[in-house]
Every structure is written in C-alpha cells, then in structure tokens.
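*Asks:* If you read the sequences in order, they're chains A and B.
Take the first sequence: its letters are residues 1 to 569, numbered as in our numbering.
Take the second sequence: its letters are residues 1 to 310, numbered as in our numbering.
Please note that a few of the clues may not be correct.
To be verified - Straight line, CA to CA, 20 Å or less: simulated SDA-like cross-link-like pairs of lysine to any residue: (1) Lys224(B) with Asn501(A); (2) Lys489(A) with Asn6(B); (3) Lys489(A) with Lys224(B); (4) Lys224(B) with Ala487(A); (5) Lys116(A) with Ala105(B); (6) Lys224(B) with Leu503(A); (7) Lys116(A) with Asn104(B); (8) Lys225(B) with Ala487(A); (9) Lys224(B) with Arg165(B); (10) Lys134(B) with Ala105(B); (11) Lys43(A) with Glu452(A); (12) Lys224(B) with Gly500(A); (13) Lys116(A) with Ile106(B); (14) Lys134(B) with Ser66(A); (15) Lys134(B) with Gln117(B); (16) Lys134(B) with Gln309(A); (17) Lys225(B) with Glu298(B); (18) Lys134(B) with Trp7(A); (19) Lys43(A) with Ala397(A); (20) Lys116(A) with Arg111(B); (21) Lys43(A) with Val441(A); (22) Lys43(A) with Leu451(A); (23) Lys10(B) with Asn221(B); (24) Lys489(A) with Asn221(B); (25) Lys116(A) with Glu388(A); (26) Lys43(A) with Glu26(A); (27) Lys225(B) with Asn501(A); (28) Lys116(A) with Gln109(B); (29) Lys134(B) with Val389(A); (30) Lys43(A) with Phe411(A); (31) Lys489(A) with Gln5(B); (32) Lys134(B) with Leu65(A); (33) Lys134(B) with Glu388(A); (34) Lys224(B) with Ala497(A); (35) Lys134(B) with Leu70(A).
Keep in mind the hints are simulated off the structure, nothing from the lab.
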Amino acid sequence: MFGSVRWRLVWIAVLVGICGFALVPETIVDEVTGESERVWPLKLGLDLQGGMHLAVEIYDPENTLSGQDLDDAVERTLTTIRNRIDEFGVREPTIQRSGDRIVIELAGVDDPEQAKRIATETAFMEFKIVTDGQEFMDALERIDRAIVNEVGIENLQVTTLETEPEVDLSDILGGADSAAAEDPADEAETEDPAADSLATEEGDAETVDAAEAVDEVTARPLSALLGQGRILGEYLVPQEDQPTAAAWLELEGVRDALPRGVTLHWGVEQVGAGAGSYVPLYVLEAEPLITGDMLQDAGPANRDPTFNQPIVPFETTRRGSRVFERATARNIGENMAIVLDDRVQSYAVIRSVLSRRAQIELTPGASFQEAQELALVLRAGALPMPIEVVEERNVSASLGEDSIRQGRTAFIIGIVGVIIVMMIYYRAAGILAVGALLTYVVFMLGGLAGLEATLSLPGIAGLILSIGMAVDANVLIFERVREELAAGKTPRTAVDAGFGNALSAIVDANLTTLITGIILFQFGTGAVQGFAVTLCIGILASFFSAIYVTRTLFIMYLNRRGSRESVSI
Amino acid sequence: MRVFQNANYKFLSMRRPAYFASAAIITIGLLSIVFRGGLRTGVEFTGGVLLEVQFSETTDVGQIRDALTAGGTTGVQIQQLRTVGAETFDFLLRVPVGEEEDQNAIRDQIRASLETQYSAASFEIARGDTLSAKVGDEFQRTAVIAVLLSFLLTLIYLAFRFEWRFGVAAVIATVHDMFITFGFISLFDIEINLATVAAILTIIGYSLNDTIVVFDRVRENLRKKRKEAYDVTLNRSLNETLPRTVLTSGTTLIALLSLVVIGGAVIRPFAGVLIIGVLVGTYSSIFVASPVLVEIHERARKRAALAARA
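Assemble the whole structure, with the sequences as input and the hints as a guide.
*Replies:* So, in structure tokens, the structure goes:
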C-alpha cells in the first residue's frame, strides 16, 4: 500500500515539476537597447499585451478575381506584407493566410495608423544598378562624423563597447585586416581598393575602441559595423547591430552626408547563420532602371534546359521594354538589384541587352524554392494589388495591463473564495481538495505555457470559471464518500466506493464540456479560441487532479489515521 | 458542514408550477426580444466600429454625442463604463455599418470629431474594433453553426451513453436554458458578440453537465431495480445529488461573481451571461430535465397500457 502511494506521489511530483519548469520566467535581451527583461513564459494575446490585429483582403469590388487568379493575388500580397514585417519593429509578428484573407498580428505597436499604412500600402518595385561602392566609401568618414554629431559621442559608447569581444578575437587572429578575417561569406577575395580602404578604416576604428580612447574625431561608428560583402557595393552588417545601423542611416544629418546619386538599401536575406549572421546593405544607383509598373508578368520559375539551374522568366510592358533595352545596354556586366518596397530581394548580373522577355538565372546551387520565391516577389511588384482592411482591432498596452491586473485580482478572489467554501464544507477532506486544486492551477498554467497557447482576456475568464468547476469532480466524489459512510461502510471502503461510483458521472460531465470546448476552438477566432484552449486544458487538468491527486492525498490521509477512525469529511 | 443532507423534497410534484414558472419567464424574455426588435448584436456580427475611449477629464454621454453630431456622425450608441478604481472616464462608442458603408471612414470621422471637441491629449482610444459588414456576417454564421454543432455532438454523445429518452430530456432542458438566457440577455440589454456566444456555448456545456450528473444517478438507481415507482426513483435521485448540485453551482458562482465585480468592459457582460446560465442550468436540471423524463415515461406507459387493452 505504502509503495503504491509513493509511486503516485512520484508521478504527481514529476508532472508538477514539468509544469513548474514550463513556467520558469525566461530572460529576454532586447537586441537594440541591450536591456534584459524577465518574462513570464505565458504567451499573452493582443488584448492583454496591447497590439493590433488586422485582416486584409484583396480590394476587388467587381469580383473580377476568382479561383487561381485570386489565389495568386493573395499569395503575392502575402509576400509583399511579409517583406515589410521588419519595419514594424515588433517582437513576434504573425502574418498568416486564412482563406482569401491575410491576418496580421502585431504586438505592442506604438503607432497603429502607421503600422496599418505600411502593411496595406501597394507594393512598389524597382530594378536598380548596384554601384561599386566607391563613392560611398569616400563619404564614409563624413557619414561617421555625422552619426557622432547626431547621436552624440556619449551615446555611442555602448556600441563601441559591444564590439570589444570581436576586437579581441581579431587581435588574436592577428592583423588589422579584421574585416576580411571575420567575413563569413568570404568567397572570392578581390584586392579592390574599396575593400582595402574599408578594412583599414575598420581596423583603425577598432584599435581605437580597444584602447577606449574614443573621441569625436576618431570614432567610426558605422565603418566599425561594415564587413565586406560578396559583390562590390554590398556590405555585411552583423544582425544584432542592424537595427542600430538602420536607425543611424535614417538620421537627417546622415542622409545629407550620403553621396548624391546613390541610395542605401537593406537586403531581405540573411547571410551566415546563428551568432555569425549578417544583414547585407547595398549601395545602389538612386535612379531605377525600370519600375514595377513597366513589368507585365513574371514566372513561373523553371529550370534552364542545358545547365539545369533555376531560372525565373519575366516580361516587360511595351513601353517598359524600350526603357529596359536602353538601360541594360549601358550596364552590361553590372549587378542589377531587385528592390521591392525599398528592400533588396535579390540581384543578378546583366549579361546582355534585355528587352521584352528576359530571365533571371539564379546562382548555381540555388534551390528551386528560391526561384519560386523570387518569381512571387517579381509578380508582387509587377501586379500590385490594392488591399482592403476588413477587420481591425486595436488594444492599447495600458488597457491590456488593466485587464491583466483585473484578471489577476479576480483569479485570486475566486480561488480564495472556493478554497474557503471547500474547507468549511468538507473540513479535512476539503484541505485535500484544496491541495488538488492548487496542483490543478499548476497543471493548467504549465499546460498553457508548454503548449504555447495564447492567453487572452476571455481565456483568463475561462481560467477563473474553471476553478469553480474544477472542484466539481471533488464535490461529486466527496458527496459519494459521505453517502457510503452514511450507509455504514468503513472509511477505506467508503472512499474506494466513493471514487469508483462517482467516476462515470465525472467522465460524462467532463466529456460533454470538452466537446463544447473543441467546437469553440474550431469555430472561434482569436480571443474565443483562447477561451476554448483554457477550457479544454482546464478540463483535462481538473480531471487528473480530482481523480488522481485527491485520491492519493486521501490514501495518505487514511494511512495516517488508521482504518478504524472516522474520516473528517 | 452539510447542506440538504438526506433531503426529501417533492421536486417532481412541483413540476406543474415549475412548468408554469418556466413558461412565464420564457414568455417575458421573448416579449422583451420582440419589444426591443430582436437581440442587440454587436459590431462583431453586424460589422461596424466599436471604440473604447478613455477621457482624462470629466465628460458625459450628451457632450460626446454633441461632438460626434457636430462632426457629422450620427447613429452612435454611447455607453459609459464604470470600472472599479478607474482614473479615467471610459465610454464605449458603437456604430453598426451597412453593406455599402466604409467602416474605416466612419472610424476616422469619429476620431476627427473627438479631436475637434476635446484636446488630443485628453482622450485615448484604448480599444478599437473595426469590422466590415461582410466579416460580421461570417462571424454570425460561424457562431450559429458552432452552437448547432455543439448541440448535435453532445446529443450524439448522450445517445451513446444513455437511453434516447435521457438525451431528449437533456436537450429539452438545455434548449429551455437557452431561451431563458436569451430572454435575460435581452432584458439586461447585453449585446451579442463572440464573447457572448462563447458564454452561451459554455452554458450549454454546464447545463448538460448538471443534467448528466443527475441522470447518472437516476440510471444507477434504476439499475438497482427496487420496487419503486419511476417518479419516486427520479425524485430520490434528485435529492441525493442535491448537495452536489448546490455546492458546485455555489463555487462556480463565487468564481463568476469575482469576474463581474472586478472585470472590465469585455468581461462583465460575458460573466453576467454565465451567471444567468449557471443559475438557470441548475434550476433546469432539477425542474425541467427530470420532469420531462417522467413525462416521456408516463406517455410510454399509457401507450403500452392502451396497446395491452386492445
């Protein structure tokens, strides 16, 4: 008997341990500010943390699109919107397709109007020539000085300190040519002057940093972040520094310091992986070769018949073909970047004069999927779709905080109230039920965290409601035990009979509620789904805690009291 | 402590007054619905704009309405929210939209009107839902399907677990609860939105839950095959499960009451609907479900008696 109790306790302890572990707060370090924050691992819905939920559709009042065309239009729009994710600057944006609709969820947006505008703007595509970067390199010193002026040298200290470990590493590797040493995509090391000067400048800057003698004249905040790219005019910025660098480049004084005739564009792809992940920055000619409205269509992606590498065909309009012809004739051998909404999607070498029909060959080794994605990007730019917002929900962060506070208070009041009733009503057995109720709460919250379910405001309501209902199984059992005792059974048999006889009612009652919960989950959206999830997890957790935990506690209680004594119930 | 220990109430003899009471309450509810011209559906089901605006300076419904009318927006329902310990003056603004109207334009117009009348710093739109009429229609349709499907599946489950007559009685009791709940929703002018539908589905689950516990006991007592009339067995089962019924409803109500008192604009109507549902569900498992079971049984017995005589 004692052995079986011990095993029961072990099982309960293991489950409580797992759920408890799932609830340990995580430390999240903000990439931009470097501040760390302890975060409760429950995922909060937009209604609790504040944020914006958008559902958009293709604007098509005449219903001209249907079937394959509509599907294609939605896919293109999805690409466009995904492409813009980074601009929102939110931690975990969700962008999902749901039927012919696209659902965008952005937590903690400060300016909903701006976020909405960015998300729903019509896509804009340009083809631009990648410069050799020389003009940019020449202006780099001026740009660095502009950053120092705008941001202030004291605010840059953080950045320079952060680069220190890198400096140490490059010192060990030996040499001021640290940019080349660190470059992960260091394919063909060309001895061009631009790379050299960059390397030297960066080396200088870092040496100064290391000496911690940064002053306004020698500080090179931007240069320090630039690594050599795979082609001329491409620079690699460590991913963790990218938001900082992007912010600097937006500064008014920095914009003025940029050379005329070129523009800077970030790329969408990431180069390298993990800690050595880089975001490319491109120096492009400001004047586009052609724009999206001169593109007629693109794709589908296929394979080159002779070399079998993926290619993406595209077609320009009649007017576009003349512009394109002239532009490509002037730029044979240059790299042409495909820019969608200001971000470089891809680039390719112009091999010959291009006109009406052209194709982009992907580099050997590129996957077919990459080609398909590129085709989608080209079509998104060629055939931009006007978007209509059909559903918008905003909740301010402060209202979300209020809701959490109210929910917490209601939760505590509810649980304390239920505990008091159970203890008064069932005395010792009530205390066992309270023990089971507390494990229930741990299971419930641990389950939510473990399944990464989103806790919404109705979800909190469901949680509180389920506390009241969770004791139901205990009540059923205890009432049964009382009846059996009244019928003259010994405590131990009464308890066994009570649990046994109450089981069918508990199973039936829980299953019907579970059916409701599953339907709610299936048909609900957002907040209602949150409620359904808490309801379902709550049912499973309460079932286990009442049947297993209460029973174990009961057996322990009976073991201590001896079989002859009466039970306090 | 014990309540209703060894209770022996004649619940089933009270069934005719109970039918009358149920009929009266349902009639009042239906009249309220008819009188109000249907249930008030929220913008989630009609499409439209719902704004929760927090003013930092004192204002009232009349002033807000004047501001909106001056800006050219009419047909706005304005409701003041009172939250425990709130430092702001909170109002809910609702405007339904028609098929041809642009909900986004209405929202912008409301905001512009408020900005003209109040300084931009003195109010904040804490929550804003803007839905097109089409999306509202879809939500409405899925809500109806969800409620019907929930009924259907629980009925199938009951048919497996119990005799058919138990299933029929349980469903009649649940439909009864739905009618009364909708009546109360209309009387208290609670709007129907996704949260309300979630509450209604929860009530379906809770009401069935309560009924099932009683029926489980009825089934068990019937199996014992005592020489006892059907309605006596039923009445005994009701009395035996009474302490549980009262206690579980009690703890659930405690939890819900804390939600009503503490909860904000979203939760309070939701919890209110649940409280009505728990009360009605408890009532119906005693005064509707079991009596219906007796009625079905009586009818079957009479038919059998007639067949035997023929």
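*Asks:* Give a verdict on every hint.
*Replies:* To see whether the hints hold, each was checked on the structure:
1. Lys224(B) with Asn501(A): holds (14 Å)
2. Lys489(A) with Asn6(B): holds (17 Å)
3. Lys489(A) with Lys224(B): Since the Cα atoms of lysine 489(A) and lysine 224(B) sit roughly 18 Å apart, the hinted pair holds (cutoff 20 Å).
4. Lys224(B) with Ala487(A): holds (16 Å)
5. Lys116(A) with Ala105(B): holds (14 Å)
6. Lys224(B) with Leu503(A): holds (18 Å)
7. Lys116(A) with Asn104(B): The hint holds at about 12 Å.
8. Lys225(B) with Ala487(A): The hint holds at about 18 Å.
9. Lys224(B) with Arg165(B): OK: lysine 224(B) and arginine 165(B) at ~19 Å, within 20 Å.
10. Lys134(B) with Ala105(B): With a Cα-Cα distance of about 16 Å, the restraint between lysine 134(B) and alanine 105(B) holds, given a limit of 20 Å.
11. Lys43(A) with Glu452(A): Given pair lysine 43(A), glutamate 452(A) holds - Cα atoms ~6 Å apart, limit 20 Å.
12. Lys224(B) with Gly500(A): holds (17 Å)
13. Lys116(A) with Ile106(B): holds (16 Å)
14. Lys134(B) with Ser66(A): holds (17 Å)
15. Lys134(B) with Gln117(B): violated (32 Å)
16. Lys134(B) with Gln309(A): Given pair lysine 134(B), glutamine 309(A) is violated - Cα atoms ~46 Å apart, limit 20 Å.
17. Lys225(B) with Glu298(B): Holds, at roughly 18 Å.
18. Lys134(B) with Trp7(A): violated (57 Å)
19. Lys43(A) with Ala397(A): With Cα atoms ~15 Å apart, lysine 43(A) and alanine 397(A) stay inside 20 Å; holds.
20. Lys116(A) with Arg111(B): Holds: lysine 116(A) and arginine 111(B) sit about 16 Å apart, inside 20 Å.
21. Lys43(A) with Val441(A): Since the Cα atoms of lysine 43(A) and valine 441(A) sit roughly 17 Å apart, the hinted pair holds (cutoff 20 Å).
22. Lys43(A) with Leu451(A): holds (10 Å)
23. Lys10(B) with Asn221(B): holds (17 Å)
24. Lys489(A) with Asn221(B): holds (19 Å)
25. Lys116(A) with Glu388(A): holds (11 Å)
26. Lys43(A) with Glu26(A): Status holds; Cα separation ~12 Å.
27. Lys225(B) with Asn501(A): holds (17 Å)
28. Lys116(A) with Gln109(B): Holds, because 17 Å separates the two Cα atoms, which is no more than 20 Å.
29. Lys134(B) with Val389(A): Given that 20 Å is the threshold and the Cα spacing comes to 12 Å, the pair holds.
30. Lys43(A) with Phe411(A): holds (18 Å)
31. Lys489(A) with Gln5(B): Satisfied, since the Cα-Cα distance of roughly 18 Å is no more than 20 Å.
32. Lys134(B) with Leu65(A): holds (17 Å)
33. Lys134(B) with Glu388(A): Given pair lysine 134(B), glutamate 388(A) holds - Cα atoms ~12 Å apart, limit 20 Å.
34. Lys224(B) with Ala497(A): Holds. Lysine 224(B) to alanine 497(A) sits at ~16 Å (cutoff 20 Å).
35. Lys134(B) with Leu70(A): Cα-Cα ~18 Å, so holds.
Taken one by one, the earlier hints fail for this structure at numbers 15, 16 and 18, listed in ascending order.
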